[in-house]
Each structure stands twice: as structure tokens, then as C-alpha cells.
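Number of protein chains: 2
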Amino acid sequence: MTHQVGQLDYKGHDTGGIGISVVIILLTIRDDALKTLLVRSSGGGWSLPAGSPGVSEPLRKAAERVIREFATISVDYLEQLYTFGNRIASGSGRIIEIAYYGLVPPDLIPGVEQHAAGNLAWFPEEEQPQLDGEHELIVRVAHNRLQGKLAYTAVGFELLPELFTMAELQRLYEIILGRELDKRNFRKKILDLGIVEDTGESRVADHQRGRPAGLYRFKSQVFRNIEAKRDILAF
Amino acid sequence: MTHQVGQLDYKGHDTGGIGISVVIILLTIRDDALKTLLVRSSGGGWSLPAGSPGVSEPLRKAAERVIREFATISVDYLEQLYTFGNRIASGSGRIIEIAYYGLVPPDLIPGVEQHAAGNLAWFPEEEQPQLDGEHELIVRVAHNRLQGKLAYTAVGFELLPELFTMAELQRLYEIILGRELDKRNFRKKILDLGIVEDTGESRVADHQRGRPAGLYRFKSQVFRNIEAKRDILAF
DNA sequence: ACAAAAGTGTTGAGAGTACACCCATGC
DNA sequence: GCATGGGTGTACTCTCAACACTTTTGT
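Protein chains in written order, with the working numbering: chain A, 486 to 720; chain B, 486 to 720.
Any given hint might turn out to be false.
Since the list can't tell identical chains apart, any single copy or any two copies may satisfy a pair.
Dumping the calculated DSSO-like pairs for lysine-lysine here, alpha-carbon to alpha-carbon at most 27 Å [stated by the list, open to error]:
#	residue 1	residue 2
1	K714	K673
2	K674	K634
3	K668	K714
4	K674	K714
5	K634	K714
Hints listed in this document are in silico derivations from the structure and should not be mistaken for laboratory results.
Let the hints inform the model, and build the full structure from the sequences given.
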């Protein structure tokens, strides 16, 4: 069993009939859009990064390893999405694809490019090329899951750098939910929840236009309690 | 590849290192408790029904077949739960367990007993025997999922017969949620949602005590719309 | 008539939603 | 001083939660 960085035609671990593949959906917010990391395959097409679990490798570890094979990046949020295997792969055998999705904060993105350069790229939903039939479904399911989780967990913060402005946080919610939110109501809810702390600092951007925005930090200690309550972050 | 009814020591489809097993969690409400269907294994212990998918058999079909192998029962609600494979099976190889959970209305339960009699039994949470390490986790995850889904889907109705009383529906919610609900508030919410129709009939039980209860039927047409709205059935 | 379960309304509190203007900074 | 984005408060509506008595039936 070999693992190659930038490996393009993974057929999954060959297990005598049914192949097992761990498929990764990495999502990030960039350029005002939710983007997915895709890999160029040998045919010139694009697909999701994937690999096969080792015989004695736990699935989650396999997912983490596959990510490392494609990029030097620490994904702090990684969760199993779903296992796809209702569609019978045409031709050469059957593959069961166990999908994991991860959230990548924007300040970690540059690390991605180091490995497999040119074969990796972030695609927004609208520009996403045609993928392996099942992979398009997988991306849609991942988007749905993220959208659903946004309402009752603090998962959104995983897509932001350590310090962020209210406008950035709100924009993130708007991008994922696909609709605009009221500035005042948003701010009020986030602050009332107490899951964020004001650093007192302000953003000093290069070409600052307008009043500088306050910088906030996510209080991860409160995270668990937030998860417990339904719809606490619903907008 | 053989499929036996009442098969007890399933190792999963042998795929040269990693075995794939489809594990079934069937849940039902009976005797005022949420119960899980377990199978007696050769060692005398209990585990969840399971089997291996055929080489060209979609996972969902495999799950349906495995259910049929253990019982003649039509499970109208069946959903993939999670794929377990972080724990490395001790000794003889590795198994990835793809879990599906199904909901069984109480009037269909008798059919279960016809096959594999004596090797199948429904266990409430408190009396559940010790299971294969991973299987206990799987049952807990299934219970959590059901509890979560109760709030934003009409999944609860899958656990009731076609006609039911308000008290029965409420009791179902109470059992799954693990807390008592207010009769008036419950009734009001269910009726306001319009997901249930009054049949005009009343329950005529054998040893009727007290006023006969009105019988309702679930309006499945409305189901999809209900799913769309978050927390519509939260109590 | 009594025991047992079914059925029925109102009120208060809190959360969600809609909405418009002033503030700080760079140029 | 003006353009740009940041920051703030109030009023209305609706949903949730708490709460107790009357009705219908069998015995």
C-alpha cells in the first residue's frame, strides 16, 4: 500500500471486490465565498482528495493522514459526513466512500499550496467543475451539513482566524446561509451569547477605509455549552 | 458469500484485511419504553443484527436485506447513522461497520418473531445486556440521533400505528426525550401544525377506563414541509 | 356516584424581527 | 468635508411555558 502526495487515481484500498476510500471535503471562506478544495486528476478533471485507510488505521486517522498527504495544513475541525456507496461505480469494481469534511481558517490556506502545487485549487460553488458523479453529491451534502450545524453549534468560528471583526463573522454566516442578516440583530445575539470576547484592539488594515472595526476572539471554553442548546445560533 | 437468517458470527464481507459490515439498529416503542432489537450470538451474548454488503449491492439495499434476513417486517423509515471504524477490532482483522437505524411501528412487531425465534429480542435501554464494545456506542448514537431528529422532523410518527391518540403521541415524545411534557401545550402545537387529522373515531379498548380518546392520523403530505423548518416540533 | 382518563384557554416572559441614524477614520 | 464602513436602541410580534378544572365514559 502506497501513499503518494498528489496521488491522482486512487481506487481505494483494494479489498477484493469492494474498495474503501476516505474522501475529504475541505471548506474555507475566501474572497467572499465558500470554497472547496479539489485535486486535478490525471485525466485533467477534478475530484475531491481521497485515499484508502490502512488495514489497522482508524478511519479518522486515515482522514487526517489523507489531508496531510495533499497539504501541510492543520485542520482543527474534522467530522465524518456520510458514507456513500449506493451508487455502483461503473466498470472496475465497487468503491465505498467514507466522507469527512474539514473546516480551514483562511490564515492557514497558504500552507496548502506547498505540496502538489498546481494540482490543488479552491473552487467556489458556482465555478466548481464537473466532478466524479458521486463527488458532486458529496460536496452538496457537506454544504448542507455545514449550513445545518451553523444554527446549533459554534462551528462557524472554525472558518475564521483567531481575531476577527463582527462584520467578518456576519459575512461568514451570510455566505453559508445564502441570505443577508441584520447587522444590529446579529451583533446583539452574538454578544448576548457571550461566546466572543472583545480584545479592545482594532483592525489596522493596509488601505483602511472608514472607521476601524473592533477585533474579537472566540471563547472556546463556552463552546461545549453552546452545542448543548438547540438553535442557539439560529439566524 | 452466504446470507443466513439468524446468522450469528458475521465477520463482514471478507475483503482481504478490512471487513465491511452493515449494522442495523431497529428501534420501537413498546411497554412504555424505547427498545432495540438484538440478536443472540453463538457465545450466548447479544449484538446488533448485521451482515455484509454484496460486491455490487448498494449499502442501503444491503441494510434492507439484512433486516429481511432477521425478520419479516417492513421498516418504513431507514436512515444511515454513522460509519464506525475508529476502534480496531482485537485479533482477527479489522471491521468497518456502517450503521443504519430503522424505526418500527408497534403493530408490525409481531412479524419479527417469525424468523430466528428465540434469537431475537427487544431490549429497553436499562435492561440492555453488554454488547460488543462498538455496538453499545452505536446504540447510544442512534438514540441521540433519534432524539435530535424528533425536534425538526416528523420522524416520531414512524413509531406509531396508523391511528393513534394524542396521549400515545405525547408519550412517545416523552419516552424519547426523557422528560414529561404539558398535555395542553403538546396538543396545541401538534394541532396548530396541521400535520395530523382527526378521524372522528374513538378508541374502543377492551378494558376501557375513562373517556375514550380521539384517534388521529398522520398527514404524510405535509411531512416534507415540516422537515424544512427548523425546530418546528421542538418541545 | 365515583374512578379514570380525555379534553380545553389564558396569561406572562422572552426571543425574533424590523427598522434609521450617528460615529470614527482616511483621503 | 466627504466618502466609507462601524457601531448603536426601540417597539412589535410571536412562540414558549406555566398552570387547573370540566367532560365523558365504565363500573
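Structure versus earlier hints, numbers of those that do not hold, lowest first: Hint check: nothing fails, all pass.
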